[in-house]
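**Student:** Using the sequences and the accompanying hints, generate a full structural model.
Number of protein chains: 2
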Amino acid sequence: MRILVTGAAGFIGSSLVDRLLAEGHEVVGFDNFSTGQPEFIEHALTSSRFTLVRGDVLDPDVLTRAMEGIEFVFHLAANADVRFGPLDPRRDLKQNTIGTSNVLEAMRAGRVRRIAFASTGSVYGEAEVFPTPENAPLPVQTSFYGASKLAAEGLITAYAEAFDFQGYIFRFVSILGERYTHGHVFDFYRQLLDHPGTLTALGDGKQRKSYLYVQDCIDAMLLAVEKAPQHVNIFNLGADEYCAVNESIGWITEHLGLSPRVSYGGGERGWVGDSPYIFLDCSRIRGLGWRPKLGIREAILSTLRFLQCSPWLLERRR
Amino acid sequence: MRILVTGAAGFIGSSLVDRLLAEGHEVVGFDNFSTGQPEFIEHALTSSRFTLVRGDVLDPDVLTRAMEGIEFVFHLAANADVRFGPLDPRRDLKQNTIGTSNVLEAMRAGRVRRIAFASTGSVYGEAEVFPTPENAPLPVQTSFYGASKLAAEGLITAYAEAFDFQGYIFRFVSILGERYTHGHVFDFYRQLLDHPGTLTALGDGKQRKSYLYVQDCIDAMLLAVEKAPQHVNIFNLGADEYCAVNESIGWITEHLGLSPRVSYGGGERGWVGDSPYIFLDCSRIRGLGWRPKLGIREAILSTLRFLQCSPWLLERRR
Numbered sequence: 001m002r003i004l005v006t007g008a009a010g011f012i013g014s015s016l017v018d019r020l021l022a023e024g025h026e027v028v029g030f031d032n033f034s035t036g037q038p039e040f041i042e043h044a045l046t047s048s049r050f051t052l053v054r055g056d057v058l059d060p061d062v063l064t065r066a067m068e069g070i071e072f073v074f075h076l077a078a079n080a081d082v083r084f085g086p087l088d089p090r091r092d093l094k095q096n097t098i099g100t101s102n103v104l105e106a107m108r109a110g111r112v113r114r115i116a117f118a119s120t121g122s123v124y125g126e127a128e129v130f131p132t133p134e135n136a137p138l139p140v141q142t143s144f145y146g147a148s149k150l151a152a153e154g155l156i157t158a159y160a161e162a163f164d165f166q167g168y169i170f171r172f173v174s175i176l177g178e179r180y181t182h183g184h185v186f187d188f189y190r191q192l193l194d195h196p197g198t199l200t201a202l203g204d205g206k207q208r209k210s211y212l213y214v215q216d217c218i219d220a221m222l223l224a225v226e227k228a229p230q231h232v233n234i235f236n237l238g239a240d241e242y243c244a245v246n247e248s249i250g251w252i253t254e255h256l257g258l259s260p261r262v263s264y265g266g267g268e269r270g271w272v273g274d275s276p277y278i279f280l281d282c283s284r285i286r287g288l289g290w291r292p293k294l295g296i297r298e299a300i301l302s303t304l305r306f307l308q309c310s311p312w313l314l315e316r317r318r
Numbered sequence: 001m002r003i004l005v006t007g008a009a010g011f012i013g014s015s016l017v018d019r020l021l022a023e024g025h026e027v028v029g030f031d032n033f034s035t036g037q038p039e040f041i042e043h044a045l046t047s048s049r050f051t052l053v054r055g056d057v058l059d060p061d062v063l064t065r066a067m068e069g070i071e072f073v074f075h076l077a078a079n080a081d082v083r084f085g086p087l088d089p090r091r092d093l094k095q096n097t098i099g100t101s102n103v104l105e106a107m108r109a110g111r112v113r114r115i116a117f118a119s120t121g122s123v124y125g126e127a128e129v130f131p132t133p134e135n136a137p138l139p140v141q142t143s144f145y146g147a148s149k150l151a152a153e154g155l156i157t158a159y160a161e162a163f164d165f166q167g168y169i170f171r172f173v174s175i176l177g178e179r180y181t182h183g184h185v186f187d188f189y190r191q192l193l194d195h196p197g198t199l200t201a202l203g204d205g206k207q208r209k210s211y212l213y214v215q216d217c218i219d220a221m222l223l224a225v226e227k228a229p230q231h232v233n234i235f236n237l238g239a240d241e242y243c244a245v246n247e248s249i250g251w252i253t254e255h256l257g258l259s260p261r262v263s264y265g266g267g268e269r270g271w272v273g274d275s276p277y278i279f280l281d282c283s284r285i286r287g288l289g290w291r292p293k294l295g296i297r298e299a300i301l302s303t304l305r306f307l308q309c310s311p312w313l314l315e316r317r318r
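Protein chains in written order, with the numbering used here: chain A, 1 to 318; chain B, 1 to 318.
Be a bit skeptical, because a hint or two may be false.
To be verified - Okay, the calculated beta carbon distance ranges per label pair:
| id | chain 1 | residue 1 | chain 2 | residue 2 | range |
| --- | --- | --- | --- | --- | --- |
| 1 | B | L58 | A | W271 | 26 to 34 Å |
| 2 | B | K206 | A | G266 | 27 to 35 Å |
| 3 | B | F33 | A | Q230 | 36 to 44 Å |
| 4 | A | Q230 | B | F130 | 21 to 29 Å |
Hints listed in this document are in silico derivations from the structure and should not be mistaken for laboratory results. Even for Gly, the Cβ is constructed at its ideal location relative to N, Cα and C.
**Tutor:** This is how it looks when you write it as structure tokens:
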């Protein structure tokens, strides 16, 4: 298949591109390199089946041109910095909702009708049911990020209804692993590089979160696209476990051989719109035969090992 | 209070403006007159407590200026033509989602923090639970209209979380009554004026829908704003009954003394994204003491009587 991946130079996008190329597909990678890293697609660029398009999902013309001959779109380009929504409430709306609208319009113009979308467990807001299933009670959005992703989901499913699109919507927990560029493991590791004796955690350290290893996430997406036959296919993707921030701190500091004094920002939530407890019911994707290969602890350690080998990334993302 | 009403020259907006003026409030009416009717605010314009701002919610500057001194916003401006989403999927996104984002940003700039929003029962897509409660299972959006309104709800509640806004979200069934300018009663009445012997209905005539009389809708909104104390207050607004399209046709033709031959467009749905069964659980708003004064039949007849007295509107909306 000829597949377009938006956000192709990002953490998950570049990992997906490598997998799609390894499976023999032709891949067009689309990225504006706002957070994507050229190093992440170095390997892809050695393949004759890979084409790079430098472009922004807010530029409909470039998107429409990139859609030529495409049979399937993985739309991963997004603002993924969940924490900073209130600094500019329009940013998530533009990059995540309007960006998705542009992708869908470019698909319609190019008669491309299959799309997989990286949504988020944040669409459940502060969930009331745990583990949270895909058909949880209609949640109240608490973050601009979650609101913008749920809005994008709505667009995709309305295109499925109106224009015979087929949509795959994946609601991720936090993803970990090689090429990880932001999030709590990144923040903690950088802090401990700068000052090994102290560590500051947002919230009270008791927030419970679920995580998933990036290759397990990609396994799940590829399996669903192969096996799920509906017009609209929605899947939670996460581990069947969660951990507290304090447990994560324990694994990280133990791996690094450090015993920092830990202080806390305070409050139940790490930031405005943070959900203090995220744990998704993933029985739907498990029903297709998917099982994650790494648990949360192993995923955190693989992320740490990657960061330890990537001092350039730590420097660049300052 | 000094209250801004967007969509002030529309069906529901102008009816609300009159009620707010009658209660002694100062009202700033905001409308771009794309579907609003100057005649609907003729009465309001005779009040010294009413100011009209001719503007579009897609123009942030005019909105920001209109917000001066405002204490409460009723945001009703929207594309309300549910049926034509697929003709231009960007229209609902722009007018309903981005328009709401602009209203919220103008409020933030003007330190206005209380907003009531006209959402829709269409956010439930094709609901699985009847009557459908506010916390129904997270629905799949089937219409661009519903998707754009749910996206706007998400923005409002994210502002409530991040910026201490107070939000009132009202999910309406179809509203009927004086100043009604579009929808099935309008379509049927016009058809029967043009050719009294034949009537064409969309779908199969068996779609079951709930309706609410406009003054009952306004009663509910004013009561909720007065009594509901939460940061985020979400209410279904509808009658505790529904009717089939064919019943509605019976009441309309009986009132007009006609016996047309009825033909059907076919299919279970009236249009792409139409939900064949809409019936909302309104026990939450009833819990505040609200009761509708008119049933569906009476609301349809009041709408017909209004249309019979308003030939100018029939002509203009051709």
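**Student:** Check each numbered hint from earlier against the structure, then list the numbers of those it violates in ascending order.
**Tutor:** 2
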